[in-house]
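Engineer: Listed here are the chains, written in short residue letters.
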Amino acid sequence: MAVLLGVLCGLCLVIALFAVRLLAVLRSGPRCRPGAKGSVSVLAVAGSGGHTTEILRLMESLSASYSPRHYVIADTDHMSEDKICTLEAAKNTSDLQKNFTIHHIPRSREVRQAWSSSVLSTANALLYSVPLVFRLRPDMVLCNGPGTCVPLCVAALFLGLLGLKKVLIVYVESICRVETLSLSGKILYYLSDYFFVQWSTLKDKYPGSIYMGRIV
Amino acid sequence: FGDYDDCVRYRGNDEIRRAHRGCDVTRGRSELPQCSDAVPTLCLKALLSRGYKQLVLQVGRGSLLPGPDSCPGMRVHSFRFKDSIAADIRGADLVISHAGAGSCLETLGAGRPLLVVVNDRLMDNHQLELARQLHADSHLLYCTCSTLTETLKTMDLSVLEPFSPGQPENFATFMDQALGIH
Numbered sequence: 001m002a003v004l005l006g007v008l009c010g011l012c013l014v015i016a017l018f019a020v021r022l023l024a025v026l027r028s029g030p031r032c033r034p035g036a037k038g039s040v041s042v043l044a045v046a047g048s049g050g051h052t053t054e055i056l057r058l059m060e061s062l063s064a065s066y067s068p069r070h071y072v073i074a075d076t077d078h079m080s081e082d083k084i085c086t087l088e089a090a091k092n093t094s095d096l097q098k099n100f101t102i103h104h105i106p107r108s109r110e111v112r113q114a115w116s117s118s119v120l121s122t123a124n125a126l127l128y129s130v131p132l133v134f135r136l137r138p139d140m141v142l143c144n145g146p147g148t149c150v151p152l153c154v155a156a157l158f159l160g161l162l163g164l165k166k167v168l169i170v171y172v173e174s175i176c177r178v179e180t181l182s183l184s185g186k187i188l189y190y191l192s193d194y195f196f197v198q199w200s201t202l203k204d205k206y207p208g209s210i211y212m213g214r215i216v
Numbered sequence: 001f002g003d004y005d006d007c008v009r010y011r012g013n014d015e016i017r018r019a020h021r022g023c024d025v026t027r028g029r030s031e032l033p034q035c036s037d038a039v040p041t042l043c044l045k046a047l048l049s050r051g052y053k054q055l056v057l058q059v060g061r062g063s064l065l066p067g068p069d070s071c072p073g074m075r076v077h078s079f080r081f082k083d084s085i086a087a088d089i090r091g092a093d094l095v096i097s098h099a100g101a102g103s104c105l106e107t108l109g110a111g112r113p114l115l116v117v118v119n120d121r122l123m124d125n126h127q128l129e130l131a132r133q134l135h136a137d138s139h140l141l142y143c144t145c146s147t148l149t150e151t152l153k154t155m156d157l158s159v160l161e162p163f164s165p166g167q168p169e170n171f172a173t174f175m176d177q178a179l180g181i182h
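Quick note, the sequences are listed as chains S and G, same order. Take the first sequence: its position 70, counting from 1, is numbered 70 in the UniProt record's numbering, and each next residue is one higher. Take the second sequence: its position 61, counting from 1, is numbered 61 in the UniProt record's numbering, and each next residue is one higher.
Don't read these hints as lab results, they were simulated from the structure. Given the structure is predicted, the values throughout are model-derived calculations rather than measurements. Cβ coordinates follow ideal geometry from the N, Cα and C atoms, glycine included. Don't take every hint at face value.
Said to hold, decoys possible - Below 35 Å or equal to it, Euclidean Cα-Cα: the simulated DSBU-like pairs (lysine-lysine) are:
| # | chain 1 | residue 1 | chain 2 | residue 2 |
| --- | --- | --- | --- | --- |
| 1 | G | Lys82 | S | Lys83 |
| 2 | G | Lys82 | S | Lys98 |
| 3 | S | Lys37 | S | Lys83 |
| 4 | S | Lys98 | S | Lys166 |
Stated by the list, open to error - Facing chain G, from chain S, some residues (calculated, C-beta under 7 Å):
| # | residue |
| --- | --- |
| 5 | Arg33 |
| 6 | Gly35 |
| 7 | Arg57 |
| 8 | Leu58 |
| 9 | Cys176 |
| 10 | Val178 |
| 11 | Glu179 |
As the list claims (entries may be wrong) - What follows is a list of derived Cβ distance ranges for each label pair:
| # | chain 1 | residue 1 | chain 2 | residue 2 | range |
| --- | --- | --- | --- | --- | --- |
| 12 | G | Phe81 | S | Val20 | 47 to 57 Å |
| 13 | G | Gly111 | S | Ala123 | 38 to 48 Å |
| 14 | S | Arg137 | G | Asp69 | 57 to 67 Å |
| 15 | S | His103 | G | Gly73 | 49 to 59 Å |
| 16 | G | Ser49 | S | Pro131 | 55 to 65 Å |
My request is simple: use the sequences and hints to build the entire structure.
Structural biologist: Here you go:
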C-alpha cells in the first residue's frame, strides 16, 4: 500500500517536473535569437501540393543567412523534391557549395486516412523524426500544416526539454485556412514560438497569432 | 463571345478544368470520383454554348482521357501530367481548377479568370474556406461538381477583381528582426 502510494507520488512529481520544464521551454522563445551568431539553420517541412508551394515561397524570401536549409518531406511525396531542387538551384547561383539537404520521413497521415490509424502512423513518423532532429539540431523549424510537421515539431521540443538545444518553432498557417485552423495548427498554436495566420478572422479567434496579411 | 482557339485541360476525377476559350482543367492529388462520365459531356456542351472552342485537360491519374474528337465542335487536348502548366494557364481565357492553394495562387497570380470546383469529400473541406473568401473578395467564381454545368452556363467573368500577390518579404523582415539577423 505504501509502495503504491510512493509510486503514485513519484509519478506525480515526474509529471509536475515535466510540465514545469515544458512551460519553461515554451516561454523561452522570445529570448532565443540564433541570428546573433551570423546564420540560422532551418528545418523546413514540405508537405504535399499546396503546402509545398507555400513553404517554398517563404523559404525563397529568406536571406542567405538562413543556412544550412534542411527540407523534410513525406516519403510518399515525389513532387516536392523536384520543386525544392529547382528553388535551391535558383538561390544558389553564386555559391558553389550546396548548403541544403533533403530528408524523407514516413507520412503521418494520408489524405482522407481514418483518424484511428492516423495516431499509429503519427507515432511511426515520430520514431523517424526524433533521430533526424537530434542529428540536424536546427535553430528553427518552419512548417505550415501538413501532418508531417507535428512529429517533427514534437521532436524539436524534446531537444529543448532535455536541455540540449532550444529549437524555435515557426508555424505559418496555410492560406487555405480562413476561418478555422488545420489540425496541425490547433496543436501547434500552443507549442510554437511564432504562429502566423494569413486572414484577419483567424487573428480574431487566435489572439496569440501573428497577422500581417497574406504572406505567400 | 468571338471565335477563339482555346485549350481546355481536364483533370480526370477532380473536377478541374481550365478553359482557354478553352478550359484548362487542373486536378489536385486527391481523387474526386463522384463526378460521373456524363458530367464532362454536359460541361463541354455548356462551354461550347459560351463560345469556348478548345479545351486543354490535365487528367492526372483519372480514368478518363478524352481524345481530340470526343466532343464535336470542341478541340480537346488532354494529357496526364506536365512539369509545369504555367504556359497553359497564361494562354487560357478561363481556368477551371480544384481549390488547392497552389492551383489558385498560380492562376490568380497569372491574372487569369478562375472557376474553382471544390472537392467535398476531403476529411474537412478547408478548401471551401479559401474558395469562399476569394469569391467574397471577387477574385474567382466557385462551384461544386454538381453545380459545375449550371455555373458554366450562367457565369459572368466581368465581375472578377484583380488579385494582388502575397508578400513573403514581410515574413522575412519579421523573422530577421525576431531572430536577431542583421
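Engineer: Now tell me, hint by hint, if it's right for this structure.
Structural biologist: For each hint, the structure was consulted:
no.: 1; hint: G:Lys82 x S:Lys83; in the structure: 13 Å, holds
no.: 2; hint: G:Lys82 x S:Lys98; in the structure: 27 Å, holds
no.: 3; hint: S:Lys37 x S:Lys83; in the structure: 30 Å, holds
no.: 4; hint: S:Lys98 x S:Lys166; in the structure: 26 Å, holds
no.: 5; hint: Arg33; in the structure: 3 Å, holds
no.: 6; hint: Gly35; in the structure: 3 Å, holds
no.: 7; hint: Arg57; in the structure: 5 Å, holds
no.: 8; hint: Leu58; in the structure: 5 Å, holds
no.: 9; hint: Cys176; in the structure: 4 Å, holds
no.: 10; hint: Val178; in the structure: 4 Å, holds
no.: 11; hint: Glu179; in the structure: 5 Å, holds
no.: 12; hint: G:Phe81 x S:Val20: 47 to 57 Å; in the structure: 52 Å, holds
no.: 13; hint: G:Gly111 x S:Ala123: 38 to 48 Å; in the structure: 45 Å, holds
no.: 14; hint: S:Arg137 x G:Asp69: 57 to 67 Å; in the structure: 60 Å, holds
no.: 15; hint: S:His103 x G:Gly73: 49 to 59 Å; in the structure: 51 Å, holds
no.: 16; hint: G:Ser49 x S:Pro131: 55 to 65 Å; in the structure: 59 Å, holds
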